[in-house]
Amino acid sequence: MLGTCLNQVRQNSPLVHNITNYVTVNDVANILLACGGSPIMSDDIQDVEDITSICGGLNINIGTLNQNTIPSMFAAGKKSNALGHPVLLDPVGAGASALRTQTALKLMEEVKFTVIRGNISEIKTLAAGSGSTRGVDADVADAVTEENLDASVAFAKAMAAKTGAVIAITGAIDLVADGERCYVIRNGRPEMGKITGTGCQLSGLTTAYVVANPGNELEAVAAAVASMGLAGEIGWANMAPTDGNSTYRNRIIDAIFHMDAETLDKGAKYEVR
Amino acid sequence: MLGTCLNQVRQNSPLVHNITNYVTVNDVANILLACGGSPIMSDDIQDVEDITSICGGLNINIGTLNQNTIPSMFAAGKKSNALGHPVLLDPVGAGASALRTQTALKLMEEVKFTVIRGNISEIKTLAAGSGSTRGVDADVADAVTEENLDASVAFAKAMAAKTGAVIAITGAIDLVADGERCYVIRNGRPEMGKITGTGCQLSGLTTAYVVANPGNELEAVAAAVASMGLAGEIGWANMAPTDGNSTYRNRIIDAIFHMDAETLDKGAKYEVR
Amino acid sequence: MLGTCLNQVRQNSPLVHNITNYVTVNDVANILLACGGSPIMSDDIQDVEDITSICGGLNINIGTLNQNTIPSMFAAGKKSNALGHPVLLDPVGAGASALRTQTALKLMEEVKFTVIRGNISEIKTLAAGSGSTRGVDADVADAVTEENLDASVAFAKAMAAKTGAVIAITGAIDLVADGERCYVIRNGRPEMGKITGTGCQLSGLTTAYVVANPGNELEAVAAAVASMGLAGEIGWANMAPTDGNSTYRNRIIDAIFHMDAETLDKGAKYEVR
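Order-wise, the sequence lines are chains A, B and C. So for the first sequence, our numbering puts the first residue at 40; every next one is plus one. So for the second sequence, our numbering puts the first residue at 40; every next one is plus one. So for the third sequence, our numbering puts the first residue at 40; every next one is plus one.
Any given hint could be a false lead.
Claimed, not checked - Covered stretches of chain B (chain A as the covering partner; in silico rule of three or more C-beta atoms under 8 Å from a C-beta of chain A):
| # | stretch |
| --- | --- |
| 1 | 53-63 |
| 2 | 280-294 |
Stated by the list, open to error - Straight-line C-alpha distance at most 30 Å; calculated DSS-like pairs for lysine-lysine:
| # | chain 1 | residue 1 | chain 2 | residue 2 |
| --- | --- | --- | --- | --- |
| 3 | C | LYS233 | B | LYS233 |
| 4 | B | LYS118 | C | LYS145 |
| 5 | A | LYS145 | C | LYS118 |
| 6 | C | LYS233 | B | LYS308 |
| 7 | A | LYS233 | C | LYS308 |
| 8 | B | LYS233 | A | LYS118 |
| 9 | A | LYS233 | B | LYS233 |
| 10 | B | LYS118 | C | LYS233 |
| 11 | C | LYS305 | C | LYS196 |
| 12 | A | LYS201 | A | LYS145 |
| 13 | C | LYS201 | C | LYS117 |
| 14 | A | LYS308 | B | LYS233 |
| 15 | B | LYS233 | A | LYS305 |
| 16 | C | LYS118 | A | LYS233 |
| 17 | C | LYS233 | A | LYS233 |
| 18 | C | LYS233 | C | LYS196 |
| 19 | A | LYS145 | A | LYS196 |
| 20 | B | LYS308 | B | LYS201 |
| 21 | A | LYS118 | B | LYS145 |
| 22 | B | LYS151 | B | LYS196 |
| 23 | C | LYS201 | C | LYS151 |
| 24 | C | LYS305 | A | LYS233 |
| 25 | C | LYS151 | C | LYS117 |
| 26 | B | LYS305 | C | LYS233 |
Derived from the structure by calculation, the hints contain no laboratory data. Ideal Cβ placement from N, Cα and C applies to all residues, glycine included.
Okay, chain A solo, but in the shape it has when bound (with noise of 0.2 Å):
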């Protein structure tokens, strides 16, 4: 089922705007191309409405967000609502400083989102409207664990339900869910936060794959969390011993670009509540 997304993806081959952050930016291009989709990058206010306009959905990242470049968040996210394209949000670092936590609530009143991708601490921020992250990574406190996973996949279905967006939540366990189903999907390597942009390549990815798969947005996206997981895995075995987390890097992306519907159906782990 998840394999049929993908292959959605190879065949649609997704052309997604990026505005997002410099630091992880060229890991974004280069997974967007790897899946089978188009990257285009673009942040001005005067140029983001006409390159949405020629895209299949927007990926809004905040994580190195300024005054120049927010208000182009704004006006890409309102065109592409009008235009009917679906829009990601990546809240990086929401809970770390009040623009970052005001900018993503901002948005989220003001443009339509198909999906909200961030760790919990992130999206426990966005539900609260406060809350305090460590940097870009999750609170360690607040991880999503087997001990918790029953009011944690409440937390996310609820999220889903109050905001319309589908709601994925990333870390040692990920969960990706709308207002009735929510999918625990249990793929992925704890060396993966040993590397910057994993979490920026996925809303990359996930941003292709709902583009590519209209009308079917929550396995899209569980398609997309997985595979990143899957990669993850894939690609931590193709490790030799004098690897580190550069090319841990490259071998995650390697490996989505590798990747096809069978590998992916026989590789998630997942399940659905």
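Keeping the supplied structure of chain A fixed, place chains B and C upon it in accordance with the hints.
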């Protein structure tokens, strides 16, 4: 002959000022170092004239242009012109938005370019003063093919004659033309299109080649274009079965790092029309 | 001894706020993760004070400074000073433009730096209040050599005494000095100069080391500098014949990822003068 141009780059170690996009900038810097040149990135209006003055040439890439960097492109371009430095234009996404098209066209009015390098859609946009591109990739219908080669060569020569710049149109078949002669280059691999920024990298590389080969611009651009395509072939030959587009990116730059004149002269596949 | 500093980084997982250039920012983030630290990038004037407040230290790199980020550097630096956090200055290209030189000098007036790390040309520029650099590389005529070592050590100590900062001058021979002692470090490979951003990476790494070793700044900086040079040696030893500078970049970060205290203590080549 092309190998002689490569040797000039290794011997002269040209310093290249880049005003380029933040997506592929790291790869542009590394490929400039790989070929024997040296990169400087600077895009602030108060910084660019000083920086371009200590460099040998200027590479202007509009891939993530914005209100702050556009005036810097004009200021640096004019300063480079005044100093007699070669200047290259990479009109990324010309045709995809009004801002990109208008900025590229206005740059061509106010700055004298030594080289203009883009895909066929971008160059057609500049020739027409209008048009559309699908993101930053060439419109497939407009690709240079064996079937339309005569017309494409004529177009490139006419554009070169009109602008006074060497025109480099890159794709499956690459064309490098001045008003009278056109190199038709058949190096490269289709998989290069699955890496973000091979075009941006080539623009940086080309600027280094032109700086290091004064008075021999046409051949210098052809040498840069052929070396990039050949690096794509060599890099691909060095791929392991699990390697994908992210590793391929490294292998291409690595191939430029190791390339010598003999390798280029033996591997370059071109004719002059 | 140096290995103890490394262990402190692994144990304390320092969170480092980086205001750095967009050329090498991804590698800076990945090397911080590789050493056991955690990176945050933020450069907007409304964001930097909040972000630096939740971090342990601040890395200011002026490599692609602009009118928007310069005020952020001052604001973040002053906030970090008020909080007692270590702050590092990487004066990329000081001497290459008036804006870079003046910004670095003004930062030194208004912000108290714990460490200043650059090449010999940059540091000489800051010492003199003038000078020139060839791009971002050290002027070869001004390199630290065995022949001028005594004078260079005296210069580094004097600069440290004058500024109150640990001074790290990196090149073929690295010097790390406070007002009284100077580590002379002979790790590294000349090929490291063929990768963009080894200096920027070292500045990020050094900030993490200083944050994790309070009260032991001189040795912490020496440990960071030696570990980077040693990683360059280890990474080079892991190179395959077709690997070039792009792969070398990954291998160096990978070597930092795997480095432990024993490896560093055995491999570090230094004397204290």
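Report task. Please name the hints from earlier in the document that this structure breaks, with their numbers sorted from lowest to highest. Result -> none
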